[in-house]
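Peer 1: Quick note, the sequences are listed as chains A and B, same order.
UniProt numbering numbers the first residue of the first sequence as 1 and each following residue consecutively.
UniProt numbering numbers the first residue of the second sequence as 1 and each following residue consecutively.
These are calculated hints, taken from the structure and not from any lab test.
Quick reminder that beta carbons are idealized off the backbone N, C-alpha and C, glycines included.
Each hint should be verified, as a subset may be incorrect.
What the hints assert, rightly or not - Per the computed footprint, the stretches of chain A lying under chain B, defined by three or more beta-carbons under 8 Å from a beta-carbon of chain B, are:
1) 37-50
2) 112-120
3) 129-136
Here is what each chain is made of, one letter per residue.
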Amino acid sequence: MTSFAEMRRRQLLLTGAALGAGLAAVAVPFPARAQISTIAEPQPDDAESDRLAAQFLDGQQPVNEGLVLELPALGDNPAAVPLRVHVTEAMTGDSFCEEIIVLASRNPLPLACRFRFTPMTGSADVAVRVRLIQSMKLRALARMSDGRVLQAKGEITVAAGGCGM
Amino acid sequence: MSTTPPRIWISNETPAQGEVVRIRAQIVHPMETGFRIDAAGQPMPENLLQGFQAHLDDDLLMEWQPETAISQNPYIEFTFAARRSGALRMVWTDQSGDIATVTREITVGG
């Protein structure tokens with residue numbers, strides 16, 4: 001059976017925990033943070049992403065093999081969606097990947113990032129984390145040293161916009 | 001800028017000749033997009049990581065240009081084929097200039 005002394009000790013512990021939580025809330029400027037807003041707007045369509053892709057392709061027809069874009073099925077944290085892009089073919093001094101871009105079609109700025117490689121790299125396999133403002137299509141394009149452009153596409157559902165974070 | 005050093009993980013610092021070495025690196029950085037408005041209604045100035053480069057001695061291995069879409073505390077993972085020993089030097093640059101450099105010795109074994 002629980003003694004009164006024990007019950008009182010528990011009550012004190014609970015009060016202490018609540019006070020601690022209260023102090024923590026004061027220390028972190030939550031009221032100010034709550035009012036931070038964003039002017040970021042998603043792209044209304046894929047036009048800007050397509051324009052960037054066409055610029056990268058520079059008249060080439062993309063090859064839909066040899067490049068892999070890995071995305072989770074669901075972006076549970078839209079402020080940090082892990083993605084990986086890799087070229088599957090072997091890199092040699094004569095044939096290597098020069099540049100990769102990742103396009104997030106509906107983000108306010110669809111160009112998510114760019115990678116450049118050299119004959120020294122000997123591999124083209126990268127992973128980053130991106131913010132996505134809504135569910136959208138993603139596309140990776142890789143330019144090879146022989147002029148081919150490899151393409152990989154993906155689509156992701158995210159829980160909520162991550163660009164304002 | 002934060003004084004927290006970048007966190008680095010290297011799959012193998014003593015790889016075999018030609019072995020593909022994988023690097024994971026993360027730096028503390030706010031990646032402020034310039035899209036946000038603070039509580040006083042003022043735009044929060046853009047502050048983005050602009051570049052990451054990895055060199056083996058003086059040879060460029062890879063270069064990354066993060067844009068607005070890259071998450072806070074940017075994480076980068078890349079690979080390279082270890083063909084010779086050398087100093088793997090990684091440099092992060094943001095709008096205020098070079099903000100962090102990490103160097104690790106890579107020794108290619110037999």
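Peer 1: Which earlier hints can't be squared with this structure?
Peer 2: none
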